[in-house]
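Peer 1: On the provided structure of chain A, position chain B as indicated by the hints.
Residue strings, one per chain:
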Amino acid sequence: MTEQRQQSQSVQTVYVVDDDASARDSLCWLLGTEKLRTRAFASAAEFLEQWSGDWSGCVTLDIRMPDMSGLQVQQELLRRGNRMPIIVLTGHADVPIAIRAMKLGAYDFLEKPYSDSELLDAVGNALARERELDLAELERREAMRALENLTEREREVMCLVVDGLTNKAVAVELGISEKTVEVHRSRVMQKTGAASFSALVQLCLALRQGD
Amino acid sequence: MTRLTPRRIESGPAAASARPGVVGWLRLLALIGLALYRAPAIADDSELTLGVLAFRGEQAALQRWSATADYLSRNLDGYRFRLVPLSLDGMREAVAADRLDFVLTNTGNYVILEDAYGISRLATLQATYGGDTYTQFGAVIFTRRERAELNSLQDLKGHSMMAVSINAFGGYQMAWRELRAAGVDPQKDLKELRFSGFPQDDIVHAVLSAEVDAGTVRSGTLERMAAEGIIDIGQIKVLGARSEDRFPFLHSTRLYPEWPFAKARRTPADLAQKVAIALLQMQPGSEPAVRAFAAGWTIPLDYSPVHDLFRELGIGPYAGLDKPSLASVWREYREWIIFSLALMLLLIGLTIYILRANRRISLSEGRYRDEVERRRLAQESLAAHKQTLEVRVRERTAELAEANRSLRRSEAMLRSIHDITTDSEDDLAVKLLALLRQGREFFSMEFAVIRTLEPSRSELDLECELNNGAARAVVDAMLDWLQDGFDAGSDHLIVTDFADSDEYSAAPRAGSMIASPFRVRDEVAGYLVFGASRHAPRAYSDVDIDILMLLTQWIGEEVERRETDRRAQEHQAQLAHVARLNTMGEMATGIAHELNQPLTAILNYSNGSLRLMQKHGVIDPELREAIEKVGQDARRAAEIIRRLRDFIKRDRLREESFSLRECIESAVELLQPRLSRHNIAVSLDIDNMAGEVKADRIQIEQVVVNLLLNAIDALHASGQAEKSITVRIFAGAADNLVVEIGSSAPVIDPDIVDNLFDPFFTTKGDGLGLGLSISRSIIESHAGEIGYLENARGQPAFRFILPRK
Chain A
1 MTEQRQQSQS VQTVYVVDDD ASARDSLCWL LGTEKLRTRA FASAAEFLEQ WSGDWSGCVT
61 LDIRMPDMSG LQVQQELLRR GNRMPIIVLT GHADVPIAIR AMKLGAYDFL EKPYSDSELL
121 DAVGNALARE RELDLAELER REAMRALENL TEREREVMCL VVDGLTNKAV AVELGISEKT
181 VEVHRSRVMQ KTGAASFSAL VQLCLALRQG D
Chain B
1001 MTRLTPRRIE SGPAAASARP GVVGWLRLLA LIGLALYRAP AIADDSELTL GVLAFRGEQA
1061 ALQRWSATAD YLSRNLDGYR FRLVPLSLDG MREAVAADRL DFVLTNTGNY VILEDAYGIS
1121 RLATLQATYG GDTYTQFGAV IFTRRERAEL NSLQDLKGHS MMAVSINAFG GYQMAWRELR
1181 AAGVDPQKDL KELRFSGFPQ DDIVHAVLSA EVDAGTVRSG TLERMAAEGI IDIGQIKVLG
1241 ARSEDRFPFL HSTRLYPEWP FAKARRTPAD LAQKVAIALL QMQPGSEPAV RAFAAGWTIP
1301 LDYSPVHDLF RELGIGPYAG LDKPSLASVW REYREWIIFS LALMLLLIGL TIYILRANRR
1361 ISLSEGRYRD EVERRRLAQE SLAAHKQTLE VRVRERTAEL AEANRSLRRS EAMLRSIHDI
1421 TTDSEDDLAV KLLALLRQGR EFFSMEFAVI RTLEPSRSEL DLECELNNGA ARAVVDAMLD
1481 WLQDGFDAGS DHLIVTDFAD SDEYSAAPRA GSMIASPFRV RDEVAGYLVF GASRHAPRAY
1541 SDVDIDILML LTQWIGEEVE RRETDRRAQE HQAQLAHVAR LNTMGEMATG IAHELNQPLT
1601 AILNYSNGSL RLMQKHGVID PELREAIEKV GQDARRAAEI IRRLRDFIKR DRLREESFSL
1661 RECIESAVEL LQPRLSRHNI AVSLDIDNMA GEVKADRIQI EQVVVNLLLN AIDALHASGQ
1721 AEKSITVRIF AGAADNLVVE IGSSAPVIDP DIVDNLFDPF FTTKGDGLGL GLSISRSIIE
1781 SHAGEIGYLE NARGQPAFRF ILPRK
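Chains as they are written, first to last, in this note's numbering: chain A, 1 to 211; chain B, 1001 to 1805.
Any given hint could be a false lead.
[Claimed, not checked] Here are the simulated DSS-like cross-link-like pairs (lysine-lysine), alpha carbons at most 30 Å apart as the crow flies:
(1) B/Lys1694 / A/Lys103
(2) B/Lys1157 / B/Lys1191
(3) A/Lys35 / B/Lys1629
(4) B/Lys1615 / B/Lys1629
(5) A/Lys179 / A/Lys191
(6) A/Lys191 / A/Lys168
(7) B/Lys1805 / A/Lys103
(8) A/Lys35 / B/Lys1615
[Said to hold, decoys possible] Some chain B residues judged to face chain A by a derived CB distance under 10 Å, without partners named:
(9) Glu1594
(10) Pro1598
(11) Leu1603
(12) Ser1609
(13) Leu1610
(14) Asp1754
The hints are simulated quantities; they were obtained by calculation from the structure and are not laboratory data. All C-beta atoms, glycine included, are put in the ideal place defined by N, C-alpha and C.
The shape of chain A in the complex, shown without the other chains (with noise of 0.2 Å):
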């Protein structure tokens, strides 16, 4: 009953990994009282079987679990390039252990047993965290959208505007007329609709932080 099934990929689910059924199910029961959606996995074989590179939203994971730890499946999320901001759960506190899970990127570290809100506070950030990486990413897909439609000398010509050379230099750079490249300019401005100089720029950050 706790498990829903996600209606969307824009909508965000806390996937929860844990071996022990009862703090799973319970764990889920939590979230489902805050109205969030929740999938459940209970091993880590399971999850990372069923993992896949659209999901949207947060991951618990429990530290220990028999077939494989939580830090081997926070391994094997980073070397698949997840994005999802993981929550690690732990029956007993080792600092060491926590060290390792936080190089390895763990967005969290709770110490079983949680209390509510401290559990709800971090699924609440992390599910914010991963929403703001998605809104980068969508901007970052909408400005793909429209760098797609340049042509290549248009795309030329925004990469050296962009480098800050004057119109004259990329005149001179690419063997074209000043008017040219003026022409060329309004065009790119057009067609990526930015609204400035300075919306451009940051276009063509955004682009390249993607690559």
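Peer 2: Just chain B, lined up with the frame of chain A:
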């Protein structure tokens, strides 16, 4: 048989000349002639003539003494000893003619020759009988047991007796003396005195076969014959038996010294000294000794009892002192007297001639007198030499005796060192005190002290008989000097008197010590000191120093061994302690984990319920309070678990740099008894690049021990014949070290591989199921990893990875 008087002497010129009462002229002539005639007797300087008495024939004498002659030739460079067997008469002749350099003859003959020709003894034979040695002997007078009427020497009057010969010292003369003392004159009072010659066994047989009533033989003869089974000694009755002499053989006479080895008067003193030394050094059991029926030679004994015998009997040198009656002389020596009278007439004629020649002679007489004077001086000098030789022999004998005593003491000391050190006593201090006591006595010192330098060994600061202030002051001063003395690397120090030395001018008073340091792991760890608050009581030899060094060496090694043992024990105890803590910790962690899951669920549900109540506006204070209490109790339970775990896991990791290789070797050594019992071979395959890690050594060793124990159990359970464990250490990715422990056991069932590291998971009947779980906790607390795999050879293996840090 013939009855003979004791004074009868065999014919021959030498016998005649020795006889008193013969014309003085003849003696003078003989003396002069001898003096004139004395040419150098030794043709070849390197050949020395040794005359031996051949009382049982030349062959027997050669057989008995040729090894002794060879022995002397071997031991005296540049000399060769030629053996000349001689009869009693031949001996006398040869000595008189100065043909011998050395003389080996029986006791009685020696005394006669000593008196007549100035031969002098160098050594006395040590005879052997049945493994014991004797330098004296006597004679036994005996009859058959059944002769009830014969019970004392007096009883022999009117009975027959058999002896060797009238000249036999042991074979007759000894018995003669005792019989005479008992009032029995053998010549007059016996029914018959019969001389059988050698061997003496004939006399024993004659007595036992009742051929004669009694006999006398040299002491030991009866025992030898009984031992050879020739006679039954029970059939013998000894007459006039003596027992006061601590002499084991039946004897009826006083005891006299054994055969002497003597030198001729002219034999140089230094040569004689060399011979004496060689004889004294003859080893018992060596060929010359065995062939001579002897154990060797000893310093010459006192032969005056022999003189007493001769004097009492009026024979030998004392012959004629008790004058016989004229009638008996006429009866005995009639032919001689007639012959002598004729000779006297001849001599009177000669005298006239001589008187004429007297003038000529008086001319040369001055020269003779000078010559005689020179000879007298030479003889005095010889006597002095003889004196010196005797003093030297005595000194050397004393030295030998002292060396012997010292050796015996050293041997006793070594035995007590052995006894003390191998004693089952476990307390080192008790053993050391015993050694101090023994050593103090051995070195003849007042007190003994052990002082250690390390405060940790202060329980070994021991002392023996150090109970007065003066001694304490000496010891304190000593220890300061010791420190200086031994820093220079010396291994022992002997100070006979501090007061004698400038170096020790700070000495409070007179004092002496013999000391040596003991070393533990090549470091001076302390000193063993034997000392006295006075001048050293004795000189210390190399042997003494060796014993001192032996003591300090043992002390050092024993301290080192015990400390090593103690460290190994401490290490094991530490490992066991850590194992216990780890087990408790792991149990607590396991329980915490198991309990935390339901507690987490309880809290999730109770807190979630409160949220929902809030959200749905359900206001039921009782219900709300109850749910809140559920949550509070769950948190309390969680808190209890956390405290329990914190209490047990209080110990932080004690990180140090150490060699992983040594750590693994130490674990293998710890388990060696078990490995051997199960006949499991362990091979180490260690990459030289492996090097050191920074971690808690005991904890890592615990992991290795756990993994090895699992491998041993798996191999044992498999029941297979070939059992081996391979430990590999190699450098891993990044800056990691990898340890892999594989075994030839079957691989682990894939169904349980996932659960291997779970707490309380076990496949062993008697296991707690925490070993791997603990190992994982330890490795993870070192930021490492541990896991199971099948290695390159398809064998089951556990591998852990540690960052070097």
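Peer 1: Run every hint past the structure and note whether it holds.
Peer 2: Structure-based check of all given hints:
As the CA atoms of lysine 1694 of chain B and lysine 103 of chain A are separated by approximately 20 Å, the hinted pair is consistent with the 30 Å bound. At roughly 7 Å between alpha-carbon atoms, lysine 1157 of chain B and lysine 1191 of chain B fall within 30 Å of each other, so this suggested pair holds. For the suggested pair lysine 35 of chain A and lysine 1629 of chain B, the alpha carbons sit about 25 Å apart, so the restraint of at most 30 Å is met. Taking the CA atoms of lysine 1615 of chain B and lysine 1629 of chain B, the gap is near 19 Å; set against the 30 Å cutoff, the hint holds.
Taking the CA atoms of lysine 179 of chain A and lysine 191 of chain A, the gap is near 19 Å; set against the 30 Å cutoff, the hint holds. Annotation: proposed proximity of lysine 191 of chain A to lysine 168 of chain A holds, straight-line Cα distance about 22 Å (limit 30 Å). For the proposed pair lysine 1805 of chain B and lysine 103 of chain A, the alpha carbon gap of about 16 Å is at most 30 Å, so the pair holds. Proposed proximity of lysine 35 of chain A and lysine 1615 of chain B is supported: the alpha carbons are some 12 Å apart, at most 30 Å.
The closest approach between the C-beta of glutamate 1594 of chain B and any C-beta of chain A is roughly 8 Å, which is under the 10 Å cut-off, so the hint is satisfied. For proline 1598 of chain B, the interface hint holds, the least distance from its beta-carbon to any beta-carbon of chain A being 6 Å, beneath 10 Å. Taking 10 Å as the C-beta cut-off, the interface hint given for leucine 1603 of chain B holds, the closest approach to chain A being about 5 Å. Hint status for serine 1609 of chain B: holds, given a least beta-carbon distance of 8 Å to chain A, under 10 Å.
Evaluation of the leucine 1610 of chain B hint against chain A yields a held restraint, the C-beta minimum of about 8 Å falling below 10 Å. For aspartate 1754 of chain B, the shortest C-beta to C-beta distance to chain A is roughly 5 Å, which falls under 10 Å, so the interface hint holds.
When the structure is compared with the earlier hints, no violation turns up for any of them.
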